[in-house]
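Trainee: Each chain, letter by letter, is given below.
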Amino acid sequence: MLQTEQLTINIGPQHPSAHGGLHVEAVLDGEMVTDAIVHLGYVHRSVEKIAENRTYAQYVPYTARLDYLATHLSVMGYVQAVEKLADIEVPERAEYIRVIMGELSRIASHQLCIGSMAIDIGATTGLLYCMRDRERIMDMFEMTSGQRLLSSYMCIGGIAEELPEEFFPAVHSFLQDLPSMIKEYEGLLFGNEILQARLKGIGKLSAQDALSYGVTGPNLRACGVNYDIRKIEPYGIYDRFDFKVPVGSNGDAWDRLMVRKEEIVQSGSIIQQALEQMPEGAVRSKVPRVLKPEKGREVYHRIEGAKGDLGYYIVSDGGEKPYRLHVRAPSFINLMVLPLISIGGLLQDIIVNIATLDPVLGEADR
Amino acid sequence: MNTMQTVMEDIQKTWGDQVEVLEDKYFDMIKVPAPILPELFQKLNREHGFNYLANLTAVDYKDRFELVYHIYSMPDNRKLAVKADLDHDNPAAPSAITIWPTADWQERELFDLMGIRFEGHPNLKRILLPDEFEGHPLRKDF
Amino acid sequence: MMQKIETIFVDLADWFIVLLQGWGIPLAWADAILLLVQFLGVVAIVLFNITILVWLERKVSGFIQERPGPNRLGPFGILQTIADALKLLTKEDIIPSKTDRWIFRTAPILFMTVSVMLYIVLPLGKDMQVVDLNVGLFFFISLGSLSTIAVLMGGWSSNNKWSLIGAMRSVAQMISYEIPLALSLMGVVMIAGSLRLSDIVAAQGNVWFIILQPIAFLTYFIAATAELNRGPFDMPEAEQELTAGAYTEYSGMRYALFFLAEYTNLVAVSALASTVFLGGWQGPGLPSWLWIIIKTWLVMFVFMWIKWTLPRIRMDHLMAFSWKVLIPVSLFNIVATGFGLYIFKGLGG
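Going down the list, the protein sequences come from chains G, L and B. Under the numbering used here, the first sequence has 300 at position 300, and the numbering climbs by one with no breaks. Under the numbering used here, the second sequence has 1056 at position 56, and the numbering climbs by one with no breaks. Under the numbering used here, the third sequence has 2268 at position 268, and the numbering climbs by one with no breaks.
Any given hint might turn out to be false.
[Said to hold, decoys possible] Below are the DSS-like pairs computed for lysine-lysine, each with C-alpha atoms no more than 25 Å apart in a straight line: (1) L/K1079 x G/K244; (2) G/K295 x L/K1140; (3) L/K1125 x L/K1083; (4) L/K1025 x G/K292; (5) G/K295 x L/K1031; (6) G/K286 x G/K231; (7) G/K231 x L/K1079; (8) G/K49 x G/K286; (9) G/K286 x L/K1140; (10) L/K1125 x G/K295.
[Claimed, not checked] What follows is a list of derived Cβ distance ranges for each label pair: (11) L/K1140 x G/G191: 50 to 58 Å; (12) L/L1022 x G/H172: 44 to 52 Å; (13) G/K292 x B/F2063: 55 to 63 Å.
These are calculated hints, taken from the structure and not from any lab test. Note that the coordinates shown come from a computational prediction; the quantities given were computed from them, not determined experimentally. Ideal placement from N, C-alpha and C gives every residue a C-beta, glycine not left out.
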C-alpha cells in the first residue's frame, strides 16, 4: 500500500486571491480539501476601541474604512445609528442623496465581486471589464467629495454638501448604460461554459445552515431565503421605492453571483426612482458641533450593506464620545461558513468560494 | 402566530422575577441572570421562532460586564434584545453556540477583545489578535 | 527578383559552403559547421520572434481588455520586452536555501534546450530545414513531451508546496493531453503516408489538411493549448490559486528562461500547426519563408485570443475532458480516416 500524506498549505495572507489579508489554512488530500481553518486579524485596527476616543463626528471617516468597497453604505449605517441615538432629523433631499450614493456603492461592490471572481478563476478580462464600469461610479464619487474610494460624503444630520451639477448627467448616462454592461458580463462571463462548470454546484450552502450561521446579504438570498432589510425593516426612506429582492435557489457559487448580478439591476432602478422623486431643499440639518446624546441611551441599527446585515451598536454615557461602539460586520460572520462549504471540494473551489462569499477584510477584521 | 406580547408574557411566566424588562425606544429589551441564558435561548429559538442571532456583544461598565444579544425572528419579523450582567473579576457566560452556531466567532471575538469566557465553546481561542497577545483591548482599563 | 528573395536563405547557405571550401575545409566538415550555423540562426530567429511575441501578447491582451498595453518604451512600446529582459538579467539570482540546488538550476536550462530543439525539424521554408528527419513528426512530439520533466524538476526541487502541486498538475495534464495530441496528428500521417515533415508539406500541394482533417485540427489545437500550459489550461501556473505554480520559487533569469521556453514552445507548436494543417510554407505570391511566418502568427493570435477570453478549467474537468472527449474523438477520427482512405483507393483515386 502506498503511503500518502496530507498536505497543509496556507492560502494567504500573501496570496493573489486572499482578498486583502485572509488566511485560510487548508489541509489537502491530493487536491481534495479535507479541512479548512480561517485565520483572521491581519487587517485588525481595533476600530471599536478607536471609537471610544473620537467624537461622534470624528468617527465618520473610520467607518468608511470598514467596507472600503462600498464605503457609502458603511458610513450610512453609522450616521443613521447616531441619528437614531440623538434623535436627529434628516432633510428629505439628503435622504434621497444617501439612497443614491448607497446604491451606487452597492453596484460598485457587486461589480467588483463579479470581477474579482472572474480573475480568481483566470478570466482576467472579466475583471478589467467590471473595473472599467466601476470606474464611472468612482468618478461620480470623486465629483461629490473629491475622494474616490473612501469618500465620507455622508455626515451626521445629512450629507456634507449638495450634489455638484456634473453629477446628474454622469449618473443618468451610467444608468442608461447599465443594461448593456450586464449584457456584456453575460456574454463574456456568465454565458461561458467553463465558468458555469466551475460555479454551478460549487460551495453549496443550505438555507438551514445559512440561517443558523447567521449568513446574510446576497449570500443568504442565494440560498432561497427572501430576507432583505430594505424590505423587512425599511430604514431611511427605503419604503418609498419599488424594487424586487432577487432570490436564488441552490445556494451555490453560481446563485450567489446571479443574485448579485440581479441586485445591480435593482439598485439601478432604485437610483432611477430616487432621482425622479428627489425634492429640492436643504441637505443638512442643524446638528450641534459637539454631539452629546443622552446618558444611558443605546441603539442597535442595521442596514442592508453590500455584503449583508451591517449593524452598529452604540452606547452613550452622555459624553461627546461613544461609550461603546460595536460593528456587526457581515463579512466577518459570512466567512464563518467558508470551511463548511469548502471541505470536500477541490483546492480550486476554495478560491471560488472565497470570491463568491465576497468578504472585505477591512470589515471582517475591523 | 406569536406576537411580541405573548413572547414576553411567556418569558415572564416561566422565570418570574428573574426577568427584568427594560425600556427602550426601538427594542423589546429584557435583562436576565447569565445562568438562565441557555434555557431562555432554547425557548426563544424552539418555541418563538427566534432563528437569527444578529449581534452579540458586550459593554464594560467598569464594575460589571453587560452582555447584549440582539435576536431576530426572520419568519415573524420580530426583535428582542437580551442583556445579562457578568461579574467583572471573572466574567463567564454559557455559550449559545448549540442554539445559534453563528455565536461561534462572535463569542471568540468577545473572548479575544473583552476577555469574557464562554463555557461550552469548543474552540475558545483568540480570533483577531495574535495568540500571544496579552490583555483585552476593549476593556476600559486596557 | 522574386526568385532571389525566395531562395535568399538557401543561396546564403550555398555561399557559406563554398566560402568554407574555399578556405580548404573538406565538404563533410563544412556541412557540419553549416548545421551548427543553421541551428544558431534558428535560435536567433526564435528569440527575435519571442521579443516581438511577448510585446504582441501584451498588446493583444490590452486590446481585448480595452487598455493601451505597453506604450512608453519606443514606438508603441515595442522596446518593453527588451527592457524587461534586461531587468530580469540584472536581478539577483535567488536560490532558496532548502532547494535541491542541482535540479533547481538545471530545470530551466533543460526546458529551454528542449524547446529550442523542436525547431530542428520544422521546415521554415522551401528547402529550409535544419535536419529533414524521416521521423520528424515523431521527433517533435516526443521532444515536446520532455518539457514535462523540466517542469516537474522545477516544481519538485523548489521544496515548496505550491510548486509541488503545480508540478503534479503539470505532469498529469501533459501526460493526458500528449495522447490526443499525437493521435490527432495520426490522421494526417495516414493521408500523407509519411512522418517526414517535408513530405507532409508536399502532400498538401493541392488541398490543406485542415480541410481533410478538420476534427484532427480541432483536437490538435485544444491538446496543444494544454501542452503549452496556456489559458484556459494554465493549470500548472494558475496564478490565482497556486501563486505561480511550479515557478513560484524562481526569480530573475531562471524565471525568464521558463518564460521564454513557454513562448518558444508556443511558436513551435503554432509552426507545427501551420506545417501540418495549413499547408506549411506553401502559398501564392510571397516567398515561402514569409508564408510560414504569417501562418504561424495567425495561429498564435488565436492562441492569445483564447487565453485572454476564457476562464481556467478545473483540474478534474480538464482530465475528464481529455480522457472522455478528446481521446475518443481523435480515435474516431483515425478510424474514419482509415475508412475514407480505403474507399478512396477502392474508387481508384
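Trainee: Each of the hints needs a verdict: does it hold here or not?
Mentor: Now for the hints, and whether the structure bears them out:
1. L/K1079 x G/K244: Judged against 25 Å, a Cα distance of about 24 Å means the pair holds.
2. G/K295 x L/K1140: The given pair, whose Cα atoms are some 17 Å apart, holds under the 25 Å limit.
3. L/K1125 x L/K1083: 24 Å, holds
4. L/K1025 x G/K292: Holds, at about 18 Å.
5. G/K295 x L/K1031: It holds: about 19 Å lies between the C-alpha atoms, which stays within 25 Å.
6. G/K286 x G/K231: 29 Å, violated
7. G/K231 x L/K1079: Cα-Cα ~15 Å, so holds.
8. G/K49 x G/K286: 28 Å, violated
9. G/K286 x L/K1140: 32 Å, violated
10. L/K1125 x G/K295: 34 Å, violated
11. L/K1140 x G/G191: 50 to 58 Å: 56 Å, holds
12. L/L1022 x G/H172: 44 to 52 Å: 49 Å, holds
13. G/K292 x B/F2063: 55 to 63 Å: 59 Å, holds
Consistency with the previously given hints fails for numbers 6, 8, 9 and 10, ordered from lowest to highest.
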